Each structure stands twice: as structure tokens, then as C-alpha cells.
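> Taking the numbering used here, the leading residue of the sequence shown gets 3, the next gets one more, and so forth.
Think of the hints as simulated: they come from the structure by calculation, not from any bench. Among the hints, a few may not be true.
Unchecked claim - FRET-style restraints, in silico, Cβ to Cβ:
1. E32 to G99: 16 to 24 angstroms
2. V43 to Q22: 37 to 45 angstroms
3. I92 to E32: 15 to 23 angstroms
Quick caveat, the model's predicted, so the values are computed rather than measured. Beta carbons: idealized from backbone N, C-alpha and C, even for Gly.
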Amino acid sequence: MKTTILSWILRIAVAVILSQTLYFKFTGAEESIYIFSALGVEPYGRIGTGILELITVILILMPRTTIYGALLGSVIMVGAILSHLFVLGIEVEGDGGTLFALANITLFSCLTLIFLNRDKIPNLLKLKL
């Protein structure tokens, strides 16, 4: 019971964080354009990342596919964190490091979800959705 509650809290946290960033990516907000221009992948990287994050949200909220969403979310967040560390910096356009902190929270949540669903890992290649 405690594991189920923790799993739902983590899933909802990841979904909320990623969902709120989708608006900025898909509407071409100034900060998103700045970030992906600095990375040299504007606009395709911004829109592609947004699509992958939307897929992550959908997968992570469905109990049967949570492990897939958590894996995809982990990969995306590792990329985001490395981008902050090596290109963008911790603070982006005066955000006080909020985006970096959210990326770390999301990565931690996804890794915890992977751990909680580790019994499904042997079945990953069978793709029983």
C-alpha cells in the first residue's frame, strides 16, 4: 500500500513538472527558444523534446507503462542536466536554478519509479503494452 501511494505521488510529480514545461516548448516561449538556441537545436530540438516529454507523461501515468515512461523520462532528464552543467549553466536567464532543480527532481523521481518497478525490467523487451 505504501509503495502504491509513493508510486502515484512520484508519477504525478513527474507528470506535473513535464506537463507545465510543455506549454513553454510548444508555444515558443522566449526562455525555451533561448535554451534550445544555446544548444544549437532550435526549433527541432525544442519541439522534439516536447513531444518526447508528452509521451513520457502519458506512459508514466498508465500503470502498465510506468516503467517505459520512467526510463524515457530518465534519459531526457540526464540530457537536460548535462546541458545545464556543460552549456547553459545552473541558472538560465535569471531563473535562480529552478529548471535545473526541476530536472533533478524529475530524474530522481523517474529513477525511484524504475526501482519500484524493477520486477518488470526482465519483460521490457517483450513489449507487452
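> If a hint holds in the structure, say so; if it doesn't, say that too.
Verification of the hints:
no. : hint                           : in the structure
1   : E32 to G99: 16 to 24 angstroms : 18 angstroms, holds
2   : V43 to Q22: 37 to 45 angstroms : 21 angstroms, violated
3   : I92 to E32: 15 to 23 angstroms : 19 angstroms, holds
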